[in-house]
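Undergrad: Below, each chain spelled out in residue letters.
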Amino acid sequence: MMLHYFLRRAFLIGFVFVALTVLAFSLSYLFPGEVLNNISGLTDIQPEQRQQLIQYYALDQSLLQQYIAYVNRILDGEWGLSFSSQQPVLSEIIAVFPATLELASYALILSFVLGIPLGLFAAVKADSVFGKLISAVTLVAYSIPIFWWALLLIMLFSLTLGVLPTAGRISVLFDIPTTTGFMLPDIWLSDIDYKSEASQDAFRHLLLPAIVLATYPTTVMIRFTRDSMLAVLEQSYIKTARAKGLSRFEVLYHHGLRNALLPVIRQIGLQFSTLITLAMITEVIFSWPGIGQWLLDSIYQRNYPAIQGGLLVVSCLVIVVNMLTEILHTLFNPLARKA
Amino acid sequence: MKKFRLYFEEQNRGPLTQLWQQFQRQHAAVFGLVMFAFFLLLTLFAPLITPHNPYVQNPDLLLLAPSWSDQGLVQYPFGTDDLGRDLMSRLMKGATYTFGIALVTVMGALLMGLALGAMAGMSKGVKSSIFNHVLDLALTIPSLLLAIIIVAVLGPGLWNTTWAIMLALLPQFVHGIRNAIQDTLKQDFVAAYRLDGASNWQVLRYAVLPNIWEHITVMATMALSTAILDIAALGFLGLGAQAPTSEWGVMIADALDLIYLAPWAIALPGILVFAAVLSVNLVGDGLRTAMKKRREN
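Quick note, the sequences are listed as chains A and B, same order. When the letters of the first sequence are read in order and numbered with the numbering used here, they come out as residues 1 to 339. When the letters of the second sequence are read in order and numbered with the numbering used here, they come out as residues 1 to 297.
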C-alpha cells in the first residue's frame, strides 16, 4: 500500500520536474533578445565563436534535442552565465540561497511556536474575550500588506526609537567566514574571539525581517489551527472521551490536538509558496542578501539566465517542501493512506 | 431583527434571503460590506469627485503638510507630495487602479477558471489525471514569482501585471471549482437528474452550478484580497504600474525617499490598501460563516 503510494508520488514529482524544465527551457525563446545569448549568458559573442557555441548548445538541431541538451547541462551544474556579472549562475545562487532559507525557516519556526498554541487557545475559549480578540487580531494581521508593515516597523524601531538596524544580515564590522551560508551557525562554527558580539548583532539584524515575514504564516496558522480544532471538538469521539471521564487536558491533548494538527501539517506545504513570495519582498525591503533580492535585481537588469535559474531553484524548493509535508501527512494519518 | 428566537418558526424563505439573514447578524461582516461598497463607489466615481487633478504639479505647494497640522491648508486635506500634487486626489484615483484592476483581474480569472474547472470537473480518467498534474505544477510556483516571470517576458507595466496576476490566480480557481463540481457530482440528486436523461451540460447548468456558486463567491473574495495585495506589491517593487500612475503601491515606493520628511505619504496609501483588503476579508469570512449556519439550519 505504502509502496504504491510512494511510486505514485515519485511519478508525479518526475512529471512536475519535466514540466518545470520545459518551462524554464522555453523561457530562452520567450525572453526578448537572441536565443544564443539567453541560453549561454554571454553578452557579447564573437562571430568566430558563434558556430562553435551553436553546436555546443545544439541550437542547430531539433527542439527536442535542444531540450535534452539543456536538461543534461542543468544536471551537470552548467546553468549558463549571469549577464550582469559574467559569473556562473549556479554559484551565485548557491551564495545567496542559504540566506533566504535561513530567514524563511526562522519565520516558519516562529509561526509554529506562536500560531499553534494561540490557535488552540482561540478554539478552546472560542466565546471568551481572549478568543475573540485573537480572531480579530489575526484578521487584521492577515490583511496587512507586508511591505507597508515592514516600513511601519522600520519607521518605529529603526528611525524613531533607533534600537534595531534596517538592512543587511550583520554589521560590516564583523568578518564571518562562510561555511554553511547560514549566518548564526556560521558564527558558532567559526573560530573568532568575538562570537557573542557577532551573534548578538546578527540576531538584532534578524529580528525585524523575521517578525515581518512571520506575520502572515502565523495568522494563517492561528486561523487554521482554530478552525480545525473547532471541527474536531464537535466530533463524537471527543464526547466519548469526555463521557469516559478523562480530564480536560487529556481530552484536548490525546484526542483533540493529534487530530486537529493533521490538516495543519498539510497546510504548511500549501502555504510555503506564499511564504517564499513574501520572503522575496521582505528581502528587498531589508536588503537581505537572499535569492529574492537577487532575482528582483536580475529583473531590473534584464538578466535572463539568472531569472531562469532562480525560477528553477525556487520552484524546486517549493515542490520538495510540498511533497515532504504531504508524505509526512500520509505517514501520520492512516486514513489518508487508503485513498 | 429579533434578538431572541422564542418560538420555533418554519423557515420557508429562498436561499438568498436566508443567506442574507445570517450575514447581517454578523456586525463585522456588515461593516466590511459597507467599506467594500465605499471602495467600489470610489473606484467608479473617483475621476468625477477628485477635488484637484491628481497629475497636475503645483510648484508653489511642494510637500504641503496635511490639514491637521499648522502648516497645512484646508483645500489639501492630506497635503501634497514632493511635486506638489494633491495627495487626497491621488489616493482617490488610486482606488481605480489598485481596487478596480484587482476586481477586473478576479473577474477574468473567475470566468476562465469556471470554464477550465467545469471541463476538468466533468472529465474522467486519463484526461483529468493529466489536468491534475499540470495544475499541481502551476500551484507550486509562487504567484508573485509567476507574475515576475510574466512581467520579465512582457516588460513592466500595469496591463502586463493584470495579465500576470490573472494567470497566477487561475490555478487556484480551477482547482477549487473542479473539486466543488466533483463533490457535487457525487450527490444523489445529480444521479436522479441523470436518470431523468439530463445531458452533461444540463447537469452542470441546472444541478451543479446553483449548488456551488456560494463556494465560488467565497473563493472570489479570497482571490480578490490576494489580487489587491499582489498589485500593490508589484507596484511597490517597480514591476507593475509605473511612476506617475497613482497606484497605491507605487505611491508608497515614491514616498520612500521622504520617509523622514513626510511619513504620512507612506502611511496613508498603506492604510487604504489595508482597509481594502480588510473589507474584502471581512465580507469573505462573513459569507463563509453565513453559509455554514444556513446549511446547519
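Any given hint could turn out to be false.
[As the list claims (entries may be wrong)] Heads up, simulated DSS-like pairs for lysine-lysine below, C-alpha to C-alpha not over 27 angstroms straight-line:
# : chain 1 : residue 1 : chain 2 : residue 2
1 : B       : K186      : B       : K127
2 : B       : K292      : A       : K239
3 : A       : K132      : A       : K239
4 : A       : K132      : B       : K292
5 : B       : K292      : A       : K125
6 : A       : K132      : B       : K293
7 : B       : K127      : A       : K239
[Claimed, not checked] Label-pair restraints from in silico Cβ distances:
#  : chain 1 : residue 1 : chain 2 : residue 2 : range
8  : B       : T17       : A       : A126      : 26 to 34 angstroms
9  : A       : F203      : B       : T17       : 35 to 43 angstroms
10 : A       : E250      : B       : I271      : 42 to 50 angstroms
11 : A       : V35       : B       : F189      : 53 to 61 angstroms
12 : B       : I271      : A       : N333      : 37 to 45 angstroms
13 : B       : N179      : A       : R9        : 13 to 21 angstroms
14 : A       : S128      : B       : Q71       : 42 to 50 angstroms
Hint data in this document are derived by calculation from the structure and do not stem from the laboratory. The beta-carbon is built from N, C-alpha and C at its ideal position, and this holds for glycine as well.
Undergrad: Confirm or reject each hint.
TA: Now for the hints, and whether the structure bears them out:
Taking the CA atoms of K186/B and K127/B, the gap is about 19 angstroms. The hint holds against a cut of 27 angstroms. Proposed proximity of K292/B and K239/A is supported: the alpha carbons are some 22 angstroms apart, at most 27 angstroms. The suggested pairing of K132/A with K239/A holds, with an alpha-carbon distance near 24 angstroms, which does not exceed 27 angstroms. A hinted pair counts as satisfied when its Cα atoms are at most 27 angstroms apart, and K132/A with K292/B qualifies at roughly 19 angstroms.
Under the criterion of a C-alpha separation no larger than 27 angstroms, the hint pairing K292/B with K125/A is consistent with the structure, at around 20 angstroms. For the hint pairing K132/A with K293/B, the CA-to-CA distance comes to about 18 angstroms; that is within 27 angstroms, so the pair holds. For the given pair, K127/B sits about 44 angstroms from K239/A by alpha-carbon distance, which is inconsistent with the 27 angstroms threshold. For T17/B paired with A126/A, a C-beta distance near 28 angstroms keeps the hint of 26 to 34 angstroms intact.
Against the hinted window of 35 to 43 angstroms, the Cβ-Cβ separation of F203/A and T17/B comes to about 57 angstroms, which falls outside the hint. Range check, E250/A to I271/B: Cβ separation about 46 angstroms, and the 42 to 50 angstroms hint holds. A hinted range of 53 to 61 angstroms for the beta carbons of V35/A and F189/B is consistent with their spacing of about 55 angstroms. Take I271/B and N333/A: their Cβ atoms lie about 43 angstroms apart, and the range 37 to 45 angstroms holds.
Checked against the hint of 13 to 21 angstroms, the C-beta distance between N179/B and R9/A comes to roughly 20 angstroms, which is consistent with it. As the Cβ distance of S128/A to Q71/B is approximately 47 angstroms, the hint placing it in 42 to 50 angstroms holds.
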